[in-house]
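A.B. asks: Here's the letter readout for the chains.
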Amino acid sequence: MKMPTARQRRLRTILFWAVPAILLLVPLGTNAYTQFIVNGMLISTLVTLGFTIVIGNLGQLAFANTAFFGIGAYGSAILAAKLGVPWLLTIPIAGVFGAAGGFLASAAALRGIRSYYLAIITLAFGELMRWSYLHAKPLTGGTDGLPMPRETLFGTSLTDDTVKFYVFLVVTVLLVKATANLLASRFGRAVMAVRENEVATASLAIPTSRVILVTFIWSGFVVGCAGALFARHIGHVFPESFGMLHLIASFAMVLVGGLGSVLGAVLGAVMLTALPEYLRAFPGMEELFFGLIVAAVLVALPMGLASLLRRLSPIFVERFYREAR
Amino acid sequence: MSDLLIVEGLSVRFSGLTALEDVSFRLNRGEVRAVIGPNGAGKSTLFNAISGYVTPTSGTVHLNGEPLTVLTPHAIAERGIRRTFQNGGLFPALTVLENVLTGLHAQTEGTFFDILFGRRKALDSEAANIARARDLLKLMSMEHMADTPAGDLSGGQQRIVEIVRTVASDPPVLLLDEPAVGLSPVARDQMMDIIRRLAGEKGVGILLIEHAVELVMAVADKILVMAAGKRIAQGTPDEIRQDRAVLEAYLGHA
Amino acid sequence: MFMQLTLSGLAQGAIYALIALSLTVVYRSTTVVNFGHGDFVMAGAFLSYVLVVLGGVAFLPAGALAVVAMFVLGVLFNRGLIRPILGGPHIGLALMCIAGGYVLRGIARMVWGREVLPMPPVFDMPPIFFGSLVITGDAIVIISTVLVLLLCFFGLLALTDLGKMVQAVYQSPRGARLIGLNVDRFNDVSWGVGAALGALGGILVAPVTLLHPDLGASFLIKGFAAMTLGGFGSLGGAVLGGVLLGIGEQYAGAYLDSSLIEITAYVIIVLVLFVRPQGLLGRKAVVKV
Numbered sequence: 001m002k003m004p005t006a007r008q009r010r011l012r013t014i015l016f017w018a019v020p021a022i023l024l025l026v027p028l029g030t031n032a033y034t035q036f037i038v039n040g041m042l043i044s045t046l047v048t049l050g051f052t053i054v055i056g057n058l059g060q061l062a063f064a065n066t067a068f069f070g071i072g073a074y075g076s077a078i079l080a081a082k083l084g085v086p087w088l089l090t091i092p093i094a095g096v097f098g099a100a101g102g103f104l105a106s107a108a109a110l111r112g113i114r115s116y117y118l119a120i121i122t123l124a125f126g127e128l129m130r131w132s133y134l135h136a137k138p139l140t141g142g143t144d145g146l147p148m149p150r151e152t153l154f155g156t157s158l159t160d161d162t163v164k165f166y167v168f169l170v171v172t173v174l175l176v177k178a179t180a181n182l183l184a185s186r187f188g189r190a191v192m193a194v195r196e197n198e199v200a201t202a203s204l205a206i207p208t209s210r211v212i213l214v215t216f217i218w219s220g221f222v223v224g225c226a227g228a229l230f231a232r233h234i235g236h237v238f239p240e241s242f243g244m245l246h247l248i249a250s251f252a253m254v255l256v257g258g259l260g261s262v263l264g265a266v267l268g269a270v271m272l273t274a275l276p277e278y279l280r281a282f283p284g285m286e287e288l289f290f291g292l293i294v295a296a297v298l299v300a301l302p303m304g305l306a307s308l309l310r311r312l313s314p315i316f317v318e319r320f321y322r323e324a325r
Numbered sequence: 001m002s003d004l005l006i007v008e009g010l011s012v013r014f015s016g017l018t019a020l021e022d023v024s025f026r027l028n029r030g031e032v033r034a035v036i037g038p039n040g041a042g043k044s045t046l047f048n049a050i051s052g053y054v055t056p057t058s059g060t061v062h063l064n065g066e067p068l069t070v071l072t073p074h075a076i077a078e079r080g081i082r083r084t085f086q087n088g089g090l091f092p093a094l095t096v097l098e099n100v101l102t103g104l105h106a107q108t109e110g111t112f113f114d115i116l117f118g119r120r121k122a123l124d125s126e127a128a129n130i131a132r133a134r135d136l137l138k139l140m141s142m143e144h145m146a147d148t149p150a151g152d153l154s155g156g157q158q159r160i161v162e163i164v165r166t167v168a169s170d171p172p173v174l175l176l177d178e179p180a181v182g183l184s185p186v187a188r189d190q191m192m193d194i195i196r197r198l199a200g201e202k203g204v205g206i207l208l209i210e211h212a213v214e215l216v217m218a219v220a221d222k223i224l225v226m227a228a229g230k231r232i233a234q235g236t237p238d239e240i241r242q243d244r245a246v247l248e249a250y251l252g253h254a
Numbered sequence: 001m002f003m004q005l006t007l008s009g010l011a012q013g014a015i016y017a018l019i020a021l022s023l024t025v026v027y028r029s030t031t032v033v034n035f036g037h038g039d040f041v042m043a044g045a046f047l048s049y050v051l052v053v054l055g056g057v058a059f060l061p062a063g064a065l066a067v068v069a070m071f072v073l074g075v076l077f078n079r080g081l082i083r084p085i086l087g088g089p090h091i092g093l094a095l096m097c098i099a100g101g102y103v104l105r106g107i108a109r110m111v112w113g114r115e116v117l118p119m120p121p122v123f124d125m126p127p128i129f130f131g132s133l134v135i136t137g138d139a140i141v142i143i144s145t146v147l148v149l150l151l152c153f154f155g156l157l158a159l160t161d162l163g164k165m166v167q168a169v170y171q172s173p174r175g176a177r178l179i180g181l182n183v184d185r186f187n188d189v190s191w192g193v194g195a196a197l198g199a200l201g202g203i204l205v206a207p208v209t210l211l212h213p214d215l216g217a218s219f220l221i222k223g224f225a226a227m228t229l230g231g232f233g234s235l236g237g238a239v240l241g242g243v244l245l246g247i248g249e250q251y252a253g254a255y256l257d258s259s260l261i262e263i264t265a266y267v268i269i270v271l272v273l274f275v276r277p278q279g280l281l282g283r284k285a286v287v288k289v
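Protein sequence lines, in the order shown, are assigned to chains C, R and Z. First residue of the first sequence: 1, per the UniProt record's numbering; consecutive thereafter. First residue of the second sequence: 1, per the UniProt record's numbering; consecutive thereafter. First residue of the third sequence: 1, per the UniProt record's numbering; consecutive thereafter.
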């Protein structure tokens, strides 16, 4: 396998910071609607990233992603609306809530509930959460949802999509960088080892349970933070946002980008966030589109777009983004 | 000097079935002790019990005087008992170098947060380990395969990489589960040489399950013969060759 | 009250049993859990609705036609999308099933829009009274249809070589291939039967519920809960689990809180997997080092 040279690695670091630097200029060229969509892309990036490390890198069939997202969003909304906590502060707290969700999901995996069983129990977890949003009316507002309170940041109203954009961008870049660090380290290697052969991994003095636990917790943290951004993004949290359609959209983003790839998470999120906005006008097209694209990628390009880029130049080689053998 | 590894009265029962019964032995530094016996004799169960994959029903395992019997597999590996697997324990999607690096996981510095924030400490330690892993591969003349996915190697190469990975952290005790199975005669000779060097030069205490009798006779200092979960004989290769019980139980024709 | 609840639980449970059984048929042949199965159920209901309301066909022939169509769809789905990736990771298989389900759901919504549609009543029989117990026509039709179907299904397995074949493929697809079984065709038929049975579940509930493209999702979870409760991979367990779930939901709703009906299935999944993962009739999986 071709590995990047030292020069290529340096170039990659420069590219990594150049992209967000250029993105700082985006609000100059957008109107309110396109800015809203770009903001959505940043949120999708985090959701996809949190998802891909569990199903791609760790290789666990856990569908609790939607639960983490909802927990983060409701956590942020409840703190902001009921307790008056400034929204900015709710982001890391929502992350911790999401991480707690990750802890619960990992408890199932560590109990030996794996593969399809894990998929089913995490699906049930997500639906139980949605049921709680509907029935914990005093906290969540039930079917009416929960509006985010008006707030200003640096003297500008937080209803302004440009202000939101800068906050979203900083959060996204930090979490993407931290996740990339994590995956490229000995920890990322241990995650990959657990996926490949859990029994042998333990024989190398690698605490496999802790690796699984921490991966789920980090996934929950990232997606929980994304939930807090989402609450502010749409300004009103509804239970329907955290159902099955959200799950299939996340799957599509993970797969199109490439299972287990950080770059792929970004690509998948950017490509597939805008389209549904346009498709929404035609009933059924959203489901049809996501269904077909997932099926097509699974058959034709199982490792997603990142695997094509990787072939193009070693700059795009990620340290532990591998196909299962 | 006291013994490195002491196994005393180790027994394992699975729902009424006795897989291992009252097995005791000692292993010294630099000693190669082979465990032989027919299929179902309890050899693998013995390995699994020592390395923590199976909880013994009774009996104890001590390493340098420290009891290990209640620990999990990774904790036992951390204390210094490392093992290979009969069916191969490599990570096929990881490269040869990365496979060896997994063996150095516990030797890498930097906490979770050091890694998260990309602090120097974690990066430097990783770089040092990469250099070390490359040196180890060079010793086995495998440095040119460092970036090859382990799944692409031949069976013999995989066995060698697995051993390199297992000894990378300089463990005092090594459990090798049929390291020569499926190897060509040349690769088998190389394996014998590796085992002798590990014991002779590095002083590793090696416990070896192996079916290839000539390999066992050539490298083992002591042989432990098992049948039906019990130890039926123990001694030097010469003693075992003349043991009546062994001939009856193991070779099946006395 | 108690008898009435048990009766409606039985009618619900019969549907769940059918769905869990169809999931199990597919699982035992290809060891794939069809995460899109809920949408197969929906598609069955949808097809019969279209035939009855738009095509003017009578309910019985419409139902039969829909079942046949879904059988064909199941076979095609297996051949075209599952077989090419069958040896691959479970993640790909699970996602493929979800994707297939979403395509069905998308098509349904394109034709159907976002409305919720009632099927005209078909089981037009007067209810029967036993003291205070009311037995509706729907309940009679559902329970008796499922009962007859189960008798045929398990009868076929017990009395023909089919049962041995099912067992052989489940134990070892490779071994089954070696002794000359056409495993590919067996898998096709299993997927076909799975899709048809699931669709039949949808057809049976169509007249008694409101129809909408998302109705499959909840049936999928109920099917999973029934399978998990009965014991994953056990055909008899699927039926038992389905019936128990149906009755349990009714009791929980009546004696505890009506909002609990929706989450009985989820709670069962979580509890069973944590406490007794092999379910009531399943065998314990043995992990080998």
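Calculated directly from the structure, the hints in this document are not laboratory data. Treat the hints with caution; some may be incorrect.
If you only want the chain C side, here are some residues facing chain Z, beta carbon under 7 Å, derived [as the list claims (entries may be wrong)]:
hint	residue
1	L61
2	A124
3	E127
4	S132
5	H135
6	P138
7	L275
8	L279
9	P283
10	E287
11	A300
12	L301
13	L305
Backbone N, C-alpha and C fix where the C-beta goes; we use that ideal spot for every residue, glycine too.
A.B. asks: Which hints from the list above does the structure break, by number from lowest to highest?
C.D. replies: Numbers 4, 6, 7, 8, 11, 12, 13, in rising order.
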